[in-house]
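Asker: The residues making up each chain are set out below.
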Amino acid sequence: METILELRHVNKAFKGFALKDISFSLKRGFIMGFIGPNGAGKSTTIRCLMDLIHPDSGEVWLFGQKYTGDNTVLKQKIGFVYDQDVFFQELTAEKNKQVIAPFYERWDDTLFYRYVKEFQVPLNKKMKTLSKGTKMKFALAVALSHHAELIIMDEPTSGLDPVFRRELLDVLFDVIQDENKAIFFSTHITTDLEKIADYITFLLDGKILFSKEREELSETFRIVKGSRSLITTIKQADPIVYKETSLGFEAFMFTDQTEKLDKKIAFHIERPNLEEIMYYLVKSKKTETAY
Amino acid sequence: MYQLIRKDILTQRKTAFIAPLFLILYFLTLGKDVPQLGGYIYCLGIGFIAYFMAMLSNFNTNEGADTEQRLLLSMPASRRNIIAAKFLMIAVWWGIAYLLSVLFTWVSGMFHLIGTVNLLSAPIAFVSLCVTFMLASFFYPFMYQFGYRVASLIGIAVFFALPSSLGFLIQSDFNLEKIQFLTAHPLSSLSIGTLFVVTISFCFSLSIVKKKNY
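Protein chains in written order, with UniProt numbering: chain A, 1 to 291; chain B, 1 to 214.
Simulated from the structure, these hints should not be mistaken for laboratory data.
Treat the hints with care, as some may be off.
As the list claims (entries may be wrong) - As a list, the in silico EDC-like pairs of lysine to aspartate or glutamate whose alpha-carbon atoms are at most 16 angstroms apart:
#1 B:210 - A:70
#2 B:211 - A:56
#3 A:225 - A:250
#4 A:15 - A:70
#5 B:211 - A:70
#6 B:212 - A:56
#7 B:211 - B:66
#8 B:210 - A:56
#9 A:27 - A:179
#10 B:14 - A:250
#11 B:212 - A:70
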């Protein structure tokens, strides 16, 4: 399957923050979730992807070509959703559509109005009067209405109620049924990713901690729990993160480390969800290790 | 390019289209003395109104030009085309300002509110076009570098500085023979000067936008 998006050793330094050696790729037919705590550099990476920011070094490749923002042919194939009001606030949603649609050769009005109806976006109201969630719905309708092959979204589910978030995931799931397409989106809400993402890329302090298949990721780590009497044993196993609780301890470890634990001892071993993985990895600050 | 031009027209604030009325209000205060003002004032007036329209076309997103750039650059538009469209639009705004000014003065004249003024003259049209391009050329590089607040202040300062420096030059002891070509061929000199300023401004604006992170 062709690689649709690839970052190769992208570096970008700002005052007090830097993206360091960002490399990952996404193939057609897949959804990649981009996670990381606030300030990790998710939006900056997306802005590099969209050529809104010029990397100091490294390359962005889209659709098998080195990407520069002047390549309008490639831009035709990209749908985007930002976590910021980029539309014309003084215009109605309908007028915004009228401004944006002519930029896209494959704009599909029927599709747009279908999404707008489905998402219940009032077209006759000015953008500035819409709620954050409705603005996000409008941005989604725009992103999905020109048959984009790559959809890039920065925090699309933030500000959305749980019902619409679920509906959005269904829409994305429908979109990805076309194996020619791919979706890349950043989010804090990791439960959304557990439902639909094929790959997870984790960014921390401007560095990629991992970029893995979701299934593989859930096999990589384990949470081990046990009573206080087992603290010495678990410490010897060198967990990534270890913390004492009122009932005993919780340790976050690699799966292969847990396999070395004595089977006779009553450890309680759990598979962590994405939120727990994110939490423990941020806590561990073992950022120098590539998992 | 067409889409960018269309975008500027569709997103323009409605108040911009009534800007030529400011010129009429000024004329109304002068009443029958308007024909004595001379082409110089008409050119500056139309030029400033067109510049005002061009300037206002950049204030259509909540957070200023950078937000709009973010949207445009994410759509199929190159940085070069975005700048080229902005400079092309200067002429479009001038055209609209000029036609509306002609229309409004004609209507005001019909009702004898002001003296008879004929703005439909090639020199007035040409000089006001040059004034518009000159003012906007000062505005755009500053807008792309520092934002519209700084740029609009500079634009207004330039508007007052241009005629007053010209007046100062004429009234001073400066030997006009030194600029004989300019005085002998004012329109040619103006067009060369405008072309020069616009070229410099375009290159600066493009260079700023190409390097800038949005």
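Asker: Would you mind confirming whether the straight-line C-alpha gap from residue 14 of chain B to residue 250 of chain A stays at or under 16 angstroms?
Answerer: Answer violated: residue 14 of chain B to residue 250 of chain A is near 63 angstroms, above 16 angstroms.
Asker: Within 16 angstroms, alpha carbon to alpha carbon, are residue 210 of chain B and residue 70 of chain A?
Answerer: Distance of about 10 angstroms is within 16 angstroms: holds.
Asker: Holds or violated: residue 211 of chain B with residue 70 of chain A, Cα cutoff 16 angstroms?
Answerer: holds (13 angstroms)
Asker: CA of residue 15 of chain A to CA of residue 70 of chain A, is that 16 angstroms or under?
Answerer: Violated - the C-alpha atoms of residue 70 of chain A and residue 15 of chain A are around 27 angstroms apart, more than 16 angstroms.
Asker: If you draw a straight line from the CA of residue 212 of chain B to the CA of residue 56 of chain A, is it 16 angstroms or shorter?
Answerer: Roughly 12 angstroms separates the two Cα atoms, so the pair holds.
Asker: Taking 16 angstroms as the top limit, are the C-alpha atoms of residue 211 of chain B and residue 56 of chain A close enough?
Answerer: Distance ~11 angstroms between residue 211 of chain B and residue 56 of chain A Cα, so the pair holds.
Asker: Would the hint linking residue 212 of chain B and residue 70 of chain A be met if the CA-CA limit is 16 angstroms?
Answerer: Holds - the C-alpha atoms of residue 70 of chain A and residue 212 of chain B are around 14 angstroms apart, at most 16 angstroms.
Asker: Verify the proposed pairing of residue 225 of chain A with residue 250 of chain A, using a straight-line Cα cut of 16 angstroms.
Answerer: holds (5 angstroms)
Asker: What's the verdict on residue 210 of chain B and residue 56 of chain A, does the C-alpha distance respect the 16 angstroms limit or exceed it?
Answerer: Between residue 210 of chain B and residue 56 of chain A the Cα gap is close to 14 angstroms, so the pair holds against 16 angstroms.
Asker: Could you grab the alpha-carbon distance between residue 27 of chain A and residue 179 of chain A and see if it respects the 16 angstroms cut-off?
Answerer: holds (10 angstroms)
Asker: Between residue 211 of chain B and residue 66 of chain B, is the straight-line Cα distance small enough, at 16 angstroms or below?
Answerer: It holds: about 13 angstroms lies between the C-alpha atoms, which stays within 16 angstroms.
Figure legend: structure checked against the earlier numbered hints; hints not met, in rising order: 4, 10.
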